[in-house]
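Work the whole structure out from these sequences, hints included.
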Amino acid sequence: DQQVKQNSPSLSVQEGRISILNCDYTNSMFDYFLWYKKYPAEGPTFLISISSIKDKNEDGRFTVFLNKSAKHLSLHIVPSQPGDSAVYFCAASRTSWGKLQFGAGTQVVVTP
Amino acid sequence: NAGVMQNPRHLVRRRGQEARLRCSPMKGHSHVYWYRQLPEEGLKFMVYLQKENIIDESGMPKERFSAEFPKEGPSILRIQQVVRGDSAAYFCASSPPKRGPQETQYFGPGTRLLVL
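For the record, the sequence lines run as chains Z and C.
FYI, the numbering for the first sequence is 1 to 112, going by the working numbering.
FYI, the numbering for the second sequence is 113 to 228, going by the working numbering.
Certain hints may be false.
[As the list claims (entries may be wrong)] Dumping the calculated SDA-like pairs for lysine to any residue here, alpha-carbon to alpha-carbon at most 20 Å:
(1) C:K163 with Z:Q6
(2) C:K156 with Z:S96
(3) C:K156 with Z:D24
(4) C:K156 with Z:Q6
(5) Z:K5 with C:L150
(6) C:K156 with Z:Y32
(7) Z:K5 with C:E153
(8) C:K156 with Z:F46
(9) C:K156 with C:S199
(10) C:K183 with C:I167
(11) C:K156 with Z:A104
(12) C:K163 with Z:K5
(13) C:K156 with Z:T26
(14) C:K139 with Z:F46
(15) C:K156 with Z:E42
(16) C:K156 with Z:V87
(17) C:K156 with Z:R94
(18) C:K183 with Z:T45
(19) Z:K71 with Z:I20
(20) C:K156 with Z:I20
(21) Z:K5 with C:E152
Just so you know, these hints were derived from the structure itself, not from any lab.
In structure tokens form, the structure reads like this:
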């Protein structure tokens, strides 16, 4: 039962442009959403989170948008840099401390 | 300020053997989570533990898998009588005891288990 879905397995973007990653969820009980970045042979690294009481959270080059009515969130990275090339996972939880449910990930490649 | 430590980083076992995966949480963290990532998939929750207590084991297979987080020492994920389908990356995450809106889980580098 895949409750968190990332429908784009890969994304290629030019350096300096915006990367937009999308995530959909089905469980209306989710209250907390996170994005993680993962390099090969490493563990996921926390990027940014948002609670359901907000619709936007910004941290430097990263902005997460939440549309609760559509059960959709997105991560914007601007400007994209070569070091951003990685797999990005969307995750959701019913609480800020409970188990995380992950999407399948989106491989981002930033080209020069 | 050491992060979450996992060992071994790579583990090879033959079918029927036991696998023991260790996780030392970040300093000051008292909550540990285990996740499994199969090839080409996202991470799947297995179990959530606090010191000496299992809080949520809803993602653990019913047989052969067990986890503990003793009062002293690392958290252990134990897989008995491994099968080829257990081959995966196993990640441990830890979080602090008090939760704020930005508190989250910090992940270790993972243990790659290969069952021959």
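Now the hints, each set against the structure:
For the proposed pair K163 of chain C and Q6 of chain Z, the alpha carbon gap of about 34 Å is over 20 Å, so the pair is violated. A threshold of 20 Å between alpha carbons decides the hint, and for K156 of chain C with S96 of chain Z the separation of about 17 Å falls inside it, so the pair holds. Pair hint K156 of chain C plus D24 of chain Z holds up; C-alpha atoms about 17 Å apart against a cutoff of 20 Å. Taken as a hint, the K156 of chain C and Q6 of chain Z pair is honoured in the structure, with Cα atoms around 14 Å apart against an allowance of 20 Å.
Restraint check for K5 of chain Z and L150 of chain C: the C-alpha separation of about 16 Å stays at or below 20 Å, so the hint holds. Proximity of K156 of chain C to Y32 of chain Z is assessed by CA-CA distance (about 17 Å); at most 20 Å being required, the pair is judged to hold. Simply put, K5 of chain Z and E153 of chain C have alpha-carbon atoms about 11 Å apart, close enough for the 20 Å limit, and the pair holds. Proximity of K156 of chain C to F46 of chain Z is assessed by CA-CA distance (about 16 Å); at most 20 Å being required, the pair is judged to hold.
The suggested pairing of K156 of chain C with S199 of chain C holds, with an alpha-carbon distance near 14 Å, which does not exceed 20 Å. With a CA separation close to 15 Å, the supplied pair K183 of chain C and I167 of chain C stays within the 20 Å bound. Under the criterion of a C-alpha separation no larger than 20 Å, the hint pairing K156 of chain C with A104 of chain Z is consistent with the structure, at around 10 Å. Annotation: proposed proximity of K163 of chain C to K5 of chain Z is violated, straight-line Cα distance about 32 Å (limit 20 Å).
Among the hinted pairs, K156 of chain C with T26 of chain Z is consistent with the structure: their alpha-carbon atoms are about 16 Å apart, no more than 20 Å. Distance check on the hinted pair: K139 of chain C and F46 of chain Z sit about 17 Å apart at the alpha-carbon level, within 20 Å; holds. For the proposed pair K156 of chain C and E42 of chain Z, the alpha carbon gap of about 16 Å is at most 20 Å, so the pair holds. Of the pairs offered as hints, the one joining K156 of chain C and V87 of chain Z holds, with about 16 Å between alpha carbons and a cut-off of 20 Å not exceeded.
Straight-line distance between C-alpha atoms of K156 of chain C and R94 of chain Z comes to about 15 Å, which keeps the hinted pair within the 20 Å bound. About 27 Å separates the Cα atoms of K183 of chain C and T45 of chain Z, which puts this hinted pair outside 20 Å; it is violated. The hinted pair formed by K71 of chain Z and I20 of chain Z meets the criterion: a straight-line CA distance of about 16 Å does not exceed 20 Å. Only pairs whose Cα atoms come within 20 Å are accepted, and K156 of chain C paired with I20 of chain Z is rejected, the gap being roughly 24 Å.
Taking the CA atoms of K5 of chain Z and E152 of chain C, the gap is about 14 Å. The hint holds against a cut of 20 Å.
The structure fails hints 1, 12, 18 and 20 (numbered hints given earlier, in ascending order).
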